[in-house]
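Q: Below, each chain spelled out in residue letters.
2 protein chains.
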Amino acid sequence: MHNLVSLNSGVCASDGFYADGISAGLKPNGAKDMAFIYSDVECEVASVFTTNKMCAAPIKHFRSMGSFKTNFVLINSKNANAMTGKKGITDISEILSTCKNVTNPIMSSTGVIGVRLPKEKIINGIKLFDFTKKEPNSAASAIMTTDTFSKEIAYKVELEDGSSFKIGAMAKGAGMINPAMATMLCFITTDAKVSQSEMQSILDETTKKTFNAASVDGDTSTNDTVLILSNGKSGAYEKEAFKEALFKIMHFLALEMVRDGEGATKLVTYNVTGAKDDREAEVVAKALSDSLLMKTALFGEDPNWGRIASTVGASGAESNEESLTISFNEHCVYEKGTLYFDESMEEKCALVMKKDRFTIFCDLGIGTGNFEAYGCDLGHEYVKINADYRT
Amino acid sequence: MHNLVSLNSGVCASDGFYADGISAGLKPNGAKDMAFIYSDVECEVASVFTTNKMCAAPIKHFRSMGSFKTNFVLINSKNANAMTGKKGITDISEILSTCKNVTNPIMSSTGVIGVRLPKEKIINGIKLFDFTKKEPNSAASAIMTTDTFSKEIAYKVELEDGSSFKIGAMAKGAGMINPAMATMLCFITTDAKVSQSEMQSILDETTKKTFNAASVDGDTSTNDTVLILSNGKSGAYEKEAFKEALFKIMHFLALEMVRDGEGATKLVTYNVTGAKDDREAEVVAKALSDSLLMKTALFGEDPNWGRIASTVGASGAESNEESLTISFNEHCVYEKGTLYFDESMEEKCALVMKKDRFTIFCDLGIGTGNFEAYGCDLGHEYVKINADYRT
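Residue numbers (our numbering), protein chains in the order written: chain A, 390 to 780; chain B, 390 to 780.
Mixed in with the good hints there might be a few duds.
No distinction is drawn between identical chains; accordingly, a pair holds when it is met within one copy or between any pair of copies.
With a straight-line Cα cutoff of 25 Å, these simulated BS3-like cross-link-like pairs (lysine-lysine) come out [unchecked claim]:
hint : residue 1 : residue 2
1    : K743      : K476
2    : K622      : K476
3    : K744      : K637
4    : K725      : K632
5    : K665      : K458
6    : K622      : K598
7    : K665      : K449
Just so you know, these hints were derived from the structure itself, not from any lab.
Just chain A, same shape as in the assembly (with noise of 0.2 Å):
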């Protein structure tokens, strides 16, 4: 049996990892606006992207490259280098011609859509990195846009064998949402001695069940990216407890960014079991995240079991009203058209409502299909915050 030992680190805590943020003068009032992650050994990468066809300058750069290691990512906040065309892939030739000492630099951008990257700056700032420095939080702080708190976790993974690897992270988001300051993104580092392609396939299977179950506002930016480096540097892997640690790390920092959803005052699970399969589960899960009136009933803290119900019938999945139950935490209100919500369970529902956390649990009862997602509230920060945010 492996062991997970969680380190109050982020993506310096691998062997063989620097990072730091700086300022280059993109954002106002000299706040960091500049990160990068070196590693003194080439790396393999891992990565996963967003499905937007408008996908930002960054991404076709980085497919341009067919497969490679690298040992240098740079990421910049405040400009997400998006709608900018072929200049703007352009532009991050000529600023990662000027990295030095750097194999396959990768660059990695948030921001405004539709505005050149300031070169000069970003050119400028490179040459304030320092190779030598560990400064994960001040790296996880430069890449922040509209995020309160920057999201950083790590682990140290003790094998049975006696050898041990290291795995941490940082990301940014706010909830996927607000592409005016778009995006979310992940960097991972690990000194796991593990195969660019089975490191592939398992980030693939786990962005499903984490990034992709976790939803604000359910829109889907032109920048948002995960990215695995794996340096090997511990010598040691095993394929189970690497799976476990990168599942709880991307797990956890999915949902930092619905805690951190712009106005969210609330996260919650939606559980959803016995679809007719996974698929149709996490349509229902998702259709129940991503609704308005499922969002604003959170904010008002009202058990309005009917537009759970509703929500679930419009989803297009497979479902009738004789076989579904609706539970909020352990109160069940509806069970196979039995109707349980009097004034009692209304007020025990009302209280579950009022806790940061918790879960609104709906069994199809049709399948064997299952699948969680994470929601947070819509209140009136969120509409003050994208109503008025370039004003």
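Once you have looked at the hints, place chain B on chain A.
A: Just chain B, lined up with the frame of chain A:
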């Protein structure tokens, strides 16, 4: 050529139709909550219902009747008779069995989900109906829930041969939203001499371009219903004239619902052209009208064209930044990779967005598919209405 003459009327415009609204004590304070439509000869019926799998008892009851002619529709507000199982259907049969001198009566409901109908109140209400009344506005008011105004329209259609028919309608709905007080309902009456099958096929097609193109929050309720009753009393009919009149009526009522969308201050048309096909154009137009980020940008009167590009890209339809063109009314901000969004253009677009009604044009530059969808903004009032509804 035919000629459409606007009439200041609703469901009683056509020869032989009667309607009224009464108070049966379902709503508080003696507000009207039950309405009828009666025809002095039997009518052909065409219908469109919600695709929600939790569809309400009245819809199941209607479907169980097979094909039939009718002369009577009973409508109640305040209670949706949804999620009420087989008892909900039995309740309808019992209620309708008390209606005298009518053929194959139909019932339609809107309101709270998951509560049995107050049968006695409704049966007593039926006794108050007077089939000689032509009070279309009273009927239109009685079917309202969160609507802030009643919705009616009627035309006289003059055909080239000197004959004419009439068509009138009423609708309720403040946005296909709020499943606690759910539903859009629309009732159309005509004395045109149209066959059931032709009327049904014209209704199906027209629904796609009108009610199904209008969105307040993208939700589909348990009770959505459109019914047309035709009694043929005019003896007149011409297909193209009927189609045009029906489109104008349903288009007007759909936009009235969006305009009355909970908390909405703007009515926005999303005109999508150049898509691979019409279906993809529809996907893009609806993605735009449903997007929370678009809705909050509208509320903030922020010409945030990046949100439009990102939403198009995320919609799943074929698109790319080199062929995309975006305009706010006549002002083009982005054309096939070239950005015209300088300060002066931003001011012009911001002025457009201050209007009550405007159009966002989005040409994908790929094929000939097109679709027009209708949406509104989302502001603090929406959150307030939906979060605080039950308190």
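Q: Are the hints correct? Go through all of them and say.
A: Now the hints, each set against the structure:
no.: 1; hint: K743 - K476; verdict: neither (50 Å within a copy, 34 Å between copies)
no.: 2; hint: K622 - K476; verdict: neither (38 Å within a copy, 68 Å between copies)
no.: 3; hint: K744 - K637; verdict: within (23 Å within a copy, 49 Å between copies)
no.: 4; hint: K725 - K632; verdict: neither (37 Å within a copy, 43 Å between copies)
no.: 5; hint: K665 - K458; verdict: neither (42 Å within a copy, 38 Å between copies)
no.: 6; hint: K622 - K598; verdict: neither (28 Å within a copy, 61 Å between copies)
no.: 7; hint: K665 - K449; verdict: between (37 Å within a copy, 23 Å between copies)
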